[in-house]
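For the protein sequence lines, the chains are S, Y and C, in the order given. Quick note, in UniProt numbering, the first sequence goes up one by one and the last residue is 246. Quick note, in UniProt numbering, the second sequence goes up one by one and the last residue is 389. Quick note, in UniProt numbering, the third sequence goes up one by one and the last residue is 317.
Please note that the accuracy of each hint is not assured.
Here are the simulated distance ranges between beta carbons [stated by the list, open to error]: (1) C:Lys-96 to Y:Trp-256: 40 to 50 Å; (2) C:Arg-244 to Y:Pro-188: 38 to 48 Å; (3) C:Pro-16 to Y:Gly-280: 25 to 35 Å; (4) Y:Ser-60 to S:Glu-193: 31 to 41 Å; (5) C:Asp-222 to Y:Gln-186: 27 to 37 Å; (6) Y:Gln-186 to C:Asp-135: 45 to 55 Å; (7) Y:Asp-127 to C:Asp-3: 17 to 27 Å; (8) S:Gly-89 to C:Asn-8: 13 to 23 Å; (9) S:Asn-106 to Y:Trp-256: 47 to 57 Å.
To give an idea of the chain C side of the interface with chain S (calculated C-beta under 10 Å), a few residues [what the hints assert, rightly or not]: (10) Ala-2; (11) Arg-4; (12) Glu-133.
Treat the hints as calculated values from the structure; they're not laboratory data. Ideal Cβ placement from N, Cα and C applies to all residues, glycine included.
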Amino acid sequence: MVGPTASLSILQRADGSATYKCPATGYTILSAVNGPVELPGRRDALKPEDATVEVFVKPGTTTGGVGERAIETTLKSVLGDIVLGREKGFPRRGVVLTLNIVGGENVERGDSYLTLLPALLHAGLLAMISASIPLSMTLSAVLLGVTDSGEIVQNPSPAAAKSAVSLHVLAISSKDHLLLNQSRGRFDFDTWELIRARALSICQGAANDGDVAMGEGTNTASVNGFIRETAEDQIYSAYAHKLDSI
Amino acid sequence: MASSAAASNPTIPSLNLPPSQFARLQPHAYLLAHLSPPAASDQPSVRANGRATSQFRVTSANAGSLTHTNGSAVVRIGDTAAVCGVRAELLHTEDIASWSVSTASEAEAGNTSQKGGSKTEDEEDRDHVQDLNLLVPNISLSTGCAPGFTPGAPPSTLAQSLSHEILSLLHTTRLVKADDLRIWYQPPNLESEEFRNAGEGMDVDSEQTGGPEPEIKAFWVLYIDIMIISLAGNPFDAAWASVLAALRDTKLPKAWWDADNETVLCSDNISDAQKLSLRGLPVSSSFCTFEADAAAGWRSVVIPNADELKSQAQKQGSQQRWILADPDGYEEGLSQERVCVVVDIEDGKTVIVKMEKHGGWAVDSDDLRQLVDVSAKRWHEMKRILDQC
Amino acid sequence: MADRRRVNGPPGGTRPPVFASLQESTTGAAQRAQRQRQPAELRKIFLKTGLIPTASGSSYLEFEPSASLAAARSNPKSLIPPSSALKVACTVHGPKPLPRSAAFSPNLVLTTHVKYAPFAARKRRGHIRDASERDLGVHLETALRGAIIAERWPKSGLDITLTIIEAEDDRWWGDAPDSHDASWGMMNVLAGCITAASAAIADAHIDCLDLVSGGVAALVSDDSSKSASSVPRLMLDVDPAEHRSILSACVVAYMPARDEITEIWLKGDSSKAALEKGDVRSSHEALIDGAVDAARGANTVLSEAVTESIARSIAQA
């Protein structure tokens, strides 16, 4: 299976940005982060000791509707969780994340955003890494579908997702916490536990033995490894001038 | 209740502060003191509102009290009240832009569904109910239901996401059957079929000359409007319960295509009207997590691994977090993590229709399994309430 | 352009259902409801305060269903309701500080919002407030402003929100719109709104000069013959669905203890009323007096509800 591709810091004017392309589902997300920034006109709504994370989702071909508001709320609570909003310079400020859906099928009215959610989460996370927003941990997300025959499919295509009996998106932190679960369809709890185990192995890789240094290629199979590598590449290029001087 | 619990609580400094004031000034400490009373005081751990952690508020439902609706319901969960009214209007197929293009394939699909292929029926339901926007739920919070929602303002983010969640749940549960919403027409078998076709224009294909096929002339569109009259936490459960009760109450008039007037007519006779036949009874239960030391968790840069978190909790003995069922407004303000489970029970088997959690990292498999059990219990309670209304 | 902030229906729009010829119908829907009350007899009002604990003050008001509606409910035959009865929920938030951007005000700033639920009337209502709803809001504000002692709360605001869950009909549903047509139902709604808002304000412990209540009187003519003998008669608290035509109607907001009217709204032609012999009042005076009588009736219910609200708040304290 072709893995996802991502590139960081591609926009000049944003504090941080990323594109994330998931070939299995066909979605491409362009994300940009500005933070910490002053949020004008909302002084009363700001938290006195924490940063305010704002998320905007822009669909590719239409303007946003109620579905976008719902997914923004979810993304805000998941990504807001891992932002260390109490670090110096962040309280009473905002972290504004904009996610543009540049490629892939449109989400229909009343459809859940499940097929898109992992891509949105990854794109948002990578943009925040690119903007050097302090994070307590990273996360990785995966979309799993259960077919008629009870088979678990990873990253089903939009067509396959439609015919799936149940769809699940799980986001797992780099420290194995379950950060997000969204399950729709018909299933029982035993199925979900299988899904949970499968998601853990996909996100963290089968050979997940603690915080070992991840060499090139050892952990590319896991989504978390992919996020980590992308972040490492970013650091290498950002500090290239220092590395060269060694 | 609250006063007795707080007064005998030694963690509260001996200020002349009534409990209600203390609850406002130190909400987190107030709820924590209720949930973890000192061992010496010999008090059970209850929430500030006097409920046990997995106890839902008193729920009542009342259906069919509104005059101008096809179905209506008022649901109260504690102090949260939702009024839902279902209005049915007609969508003529001639008003659907893409209808004539897809008629040929629809007609075939219609045949298979009449033969009773269950799979195709499901798929077709999805096509019709979802693609033609036959269900239109909207939730309104600008009713003065709680301070902070400006009346007259456009729907807040909360109202928009709630509307979307309701619609999305209606679609995933496929609660309403598309067949209930279709209005069929059996054209008379005329010999001059060709003339009729020519007269009716593009929407009847020449393939159909074998005999008149029944065709869909119109659909019922259900406008499901939910007014949250009073909001004291957990709007989704109340809104969904009111939608469920209102749809169970909904009666659609008998409707037919009147070929002479080229329109759909309805019968006002109540004995001709049909109740909707819903698929199952999905009941939603919401929870939130209250953490003993919320602030410390957010400040620490090093967060323990999931496994460590578990063993830590076991070691410390005292409970560090509580999962509260059906949170009220006060509790919602004190917690980040939310869980929503929608279950249905068919032949004694619990089927999960939707399971969502976000906003924290505390709840995992073990807790979720318990919550599904709690939700299954709640399903029986709600079924009893909805059956009575 | 579709509303992006709501769930929208089919883009082509939908049509309300049309019922087939009612002449052949056996359901009795084609018969106009008849008023069963005496001309001066009011409908019973159900009024309760404090049902919405998140608000500073709240009330819920319901009119007694007319005889025909009650019969249709207990023994449903037709899907077309003969008439409908007002149901209003009212909340009061405040007094609260005015937003920073607002100009200084030495008085309590009153904001009133009246919104029909989409399913409140025979015709589906939109989500955005229309002109008639704004109109009701303005009338209500005038009615209440005269009763509230506004100078006791400088720099403060009071939000009064009314949600109409079920409205009154403007005419019998089977009648074609004619020249006497006006939004008569709206006047009943206003009277109900005034009484409900007054209860909610008292429930929020806002100081008032008196309890202001609303009442409606109308000149109705039930004769179809239009002959000279069919003189319009004065009736209190009319349900427009029960009458063939309403010539004129008047709604007042009235404070009985001070015998003051804070708001008056008179519509239609009130010149032809048939008054009792020896009555020297002009017919519009009679109409206003009738409305005041109706408001007095509503006030007895209102003061009971407010007493209840105060007893409850004393018990809590």
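Problem set entry | Hints not upheld, ascending by number | Of the numbered hints, 1, 5, 8, 9 and 12 do not hold.
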